[in-house]
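Student: In the numbering used here, the protein residues as written are 1 to 287.
When the alpha-carbon atoms are kept at most 30 Å apart in a straight line, the in silico DSBU-like pairs for lysine-lysine are as follows:
(1) K177 <-> K204
(2) K194 <-> K82
(3) K170 <-> K119
(4) K134 <-> K166
Derived from the structure by calculation, the hints contain no laboratory data.
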Amino acid sequence: MANLSSAIANWQKRQADLQAQQVDTEKRQPAKRRSSASSRSGGARGSKAAAAATLATPASGASKQDWRTAKVQKDSAVPIGKQLKDIVDHLESVRLALTPEQLREATQHDVTGNEELYKQVRSNPKIHLTADGKYEYKPEHELHDADELLTLLLRHPQGMLAGQIKDAYKGVLDDVKKLKDDSKVWCIFNAEHKEDVLFPRDSKPQVAISQDLVDFWHNIKVPEDPAVVIEELQKAKLPAAARKVARKRITLPPKERKRGRRTVNMATATNQHMPELFVAPPPHQID
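Just need the whole structure built from these sequences, with the hints factored in.
Tutor: Structure follows, in structure tokens:
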């Protein structure tokens with residue numbers, strides 16, 4: 001019996017060891033697959049990062065011209081209009097004169113290395129090239145504060161669109177609101193242009209009127225019937241002025257002429273318009 005018990009215990013121990021080895025093997029295989037997949041993805045990311053680093057900065061032993069050529073090739077995938085807009089937007093936001101290197105660092109676009117982009121930047125009316133070779137934003141009207149804005153509006157009594165001065169300087173729209181609250185400008189919406197029109201409020205024509213005159217004006221009631229108004233004006237020896245309106249000449253379409261019926265004179269009528277009747281000899285007798 002002791003030998004039988006010992007054999008059963010050994011068999012159970014061997015089975016437990018086999019199960020433990022099988023579980024350990026199953027755990028190791030997914031780990032190997034994950035490690036190999038991560039190594040492959042890491043290698044791909046590493047190669048991309050290395051390529052980006054090579055394009056971002058000049059590699060050891062490579063000339064600056066080679067790096068700039070590679071950068072221009074990368075920028076060629078971005079439309080010129082998009083590159084130009086990025087540069088204009090950045091210059092408008094900072095309102096500083098920037099060198100080409102500073103622009104390249106901020107927008108990732110090389111102005112001096114891309115000939116087509118350089119031409120577009122030089123010809124853009126919103127970009128000004130300074131004497132020292134820097135680029136700055138150029139608004140339509142160069143203003144700095146509310147006083148200069150009011151002076152500009154006074155030089156344009158016919159009004160100016162708000163869009164013409166909205167990029168003059170930072171906070172210009174706040175100054176417009178302040179001038180409006182101070183009753184120094186009129187702000188009227190224009191339905192055609194879909195924006196406000198600014199008019200200066202000149203204080204020179206304003207005349208002080210006594211309150212008695214204002215009350216007298218408002219207390220006068222004007223009759224609603226136009227005939228009564230004309231009668232009152234005639235009593236006051238103030239005849240109503242005739243409205244002078246340019247008369248429009250109305251051109252009627254030409255009348256369509258009806259053709260009259262043609263009368264035939266039987267005495268002079270002939271059959272010359274029917275020559276086929278006279279080809280055969282005339283008949284000798286008509287039945």
